[in-house]
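Participant: Below, each chain spelled out in residue letters.
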Amino acid sequence: MTPAPDRAAFSAGERSFPCPRAQPDLGWTSHAGVGLKPQHIGDIIAQQPQIGFFEIHAENYMGAGGPPHRHLTAIRERHPLSIHGVGLSLGAAAPLDTEHLERLAALVLRYEPALISEHLAWSSQDGRFLADLLPPAYTPALLRQVIDHIDQVQSRLSRRILLENPSTYLTFEESTIEETEFLDEVARRTGCGLLLDVNNVYVASINLGRDPSAYLAAFPLSRVGEIHLAGHASRLDANGAPLLIDAHDRAVAEPVWALYRWVIDRLGPTPTLIERDADIPPWPVLYAEAQRAQDLMTALPGDALALVR
Amino acid sequence: MLSSADRQEQFAAAILDAGRPIPIGLWTPPGADRQERFAVYRNNVAVGLIEALRSSYPVVDRLVGGAFFTAMARMHALAHPPRSPVLLDYGGDFPAFVAAFEPASALPYLADVARLEWAWLEAYHAADAVALTIEDIRGIPAEAALHLRLTLHPSVRALAFTHPALTIWRGHQGQNDPAELSIDDDAEHVLVARPEADVATMILSAGELRFLDAITLGGTLTDATEAAVAAQSGIDIGDLLARLFGIGAFAGFSIAAPPIPGESR
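Protein chains in written order, with my numbering: chain W, 1 to 309; chain Z, 1 to 265.
Quick caveat, the hints were computed from the structure, so don't treat them as lab data.
Treat the hints with care, since some could be wrong.
[Unchecked claim] To give a feel for the contact side, a few chain W residues facing chain Z, derived at Cβ under 8 angstroms: (1) Ala-131; (2) Thr-171; (3) Asp-237.
Glycine included, each C-beta is placed from N, C-alpha and C at the ideal position.
Start from the sequences, fold in the hints, and give me the full structure.
Facilitator: Okay, structure coming up:
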């Protein structure tokens, strides 16, 4: 492994952002959260459901004003918030878009989220934003770049962020570092936490012909601060090989729930998000899915936490 | 071996141009169709951008139909991808693309409707401000009122159209297609404002549009009135002001220093 580049005192992450426990005790009555959708705002404000947190895509709230901010302010008055960015392009070879980082910093200042997360992926190249989370090749050069990017983000926000494992459909011949090792190294060197997307683990593992359980066994679970669950589409490609698409357009699949149980058996209660971005069902349907995650966490034996800590 | 930057440039270029071969050096498991795997990224990017445009231009989508919109938006999106990760800001150049899009030339009003939809969206996301009421300026003495400079609310857009864009737009707000819209060829000028939660629209006459243009340029009430009367003699400025205050079109005011006597304005 290539030695770490020189870093300023603040960005020597392990000192700046201590991570003594997998999940800080956030004092929440529930750990299950739901992605906030405009269609559900009325139900949520009227019903005030018991829910751990709501998660938003940061970029959807980067307008100057208007109803989105009114709604989010009303939600934030009653619930913890998680801000999930999809546009920082942390996995890009190019420098970060500092204007975009400033927009994120303003949003964090305004809404004081309990959690902030982004992706191990790239989405911008040469001034074009491609609106998808594209896969990086895991090389030592890119590892240094991602570490620098996360240092830059955490320094600007004065906050620890969580980095999410991507869903992938292919990988690169030049990749020399396993994804789990790459994530672990980034977290170790920057002090960031990890967002474990269990559906992404399943989708990418099947697509790459690997065993999702083996991926999870290699994953640095002690660094996980949040979990994502979502639905995926499934088909066979032209050669008859399985091809899963990270569509977020349906309920979480049973094999993903099984992997989730395996994870929380080891981690204990952990903020867990039900992600839904297309074919949005009525609020009670999504809420019931979050309740299923909460019920699984509530049913854990009392000594579950000892396995990791 | 490719550098990370070259790798990503090659990957992005092949996504945006489906005519290019897929990048070299991809790895897929034995038996998988590599072309199809890369096509997932091409599809994700195209669909993501097309759907972003569709959600910003719902009436254009209804007017041309879903399949036509998809084809039109795909051409625009792949040729002009967003410059920023904030997709709320994406699509401001789509009306100009629509105006020049030859296959849509049978619908000459389409670009006007697109411009109205973009103005609606800009108003929706504009900065918040408390709207001025007519009470706020009632105490101003008549001679000072001549030098009153009204500041438009940040959400206000005044648009000149060559087609009845607002009538068409309003006719497509319900669930069902409108029963045979009766539209004439009269141009409609439109004011869009969102002083509170809801975006409001109102028709402007030619003189009223000139009035707002003058206000936008920082003109006083006198300047704006002169511009309006020049375009439309007999215009009722009192009625216009009542409607503008009613819709919440202003956010502040100042009194300009009166011109020094003898000095030309």
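Participant: Using the nearest Cβ pair, does Asp-237 of chain W come within less than 8 angstroms of chain Z?
Facilitator: 4 angstroms, holds
Participant: Close enough to count: is the Cβ of Thr-171 of chain W nearer than 8 angstroms to one in chain Z?
Facilitator: 5 angstroms, holds
Participant: So, as I understand it, the hint says Ala-131 of chain W touches chain Z; can you test that by seeing if any CB pair is closer than 8 angstroms?
Facilitator: 4 angstroms, holds
The structure is consistent with each of the numbered hints, conforming to all of them.
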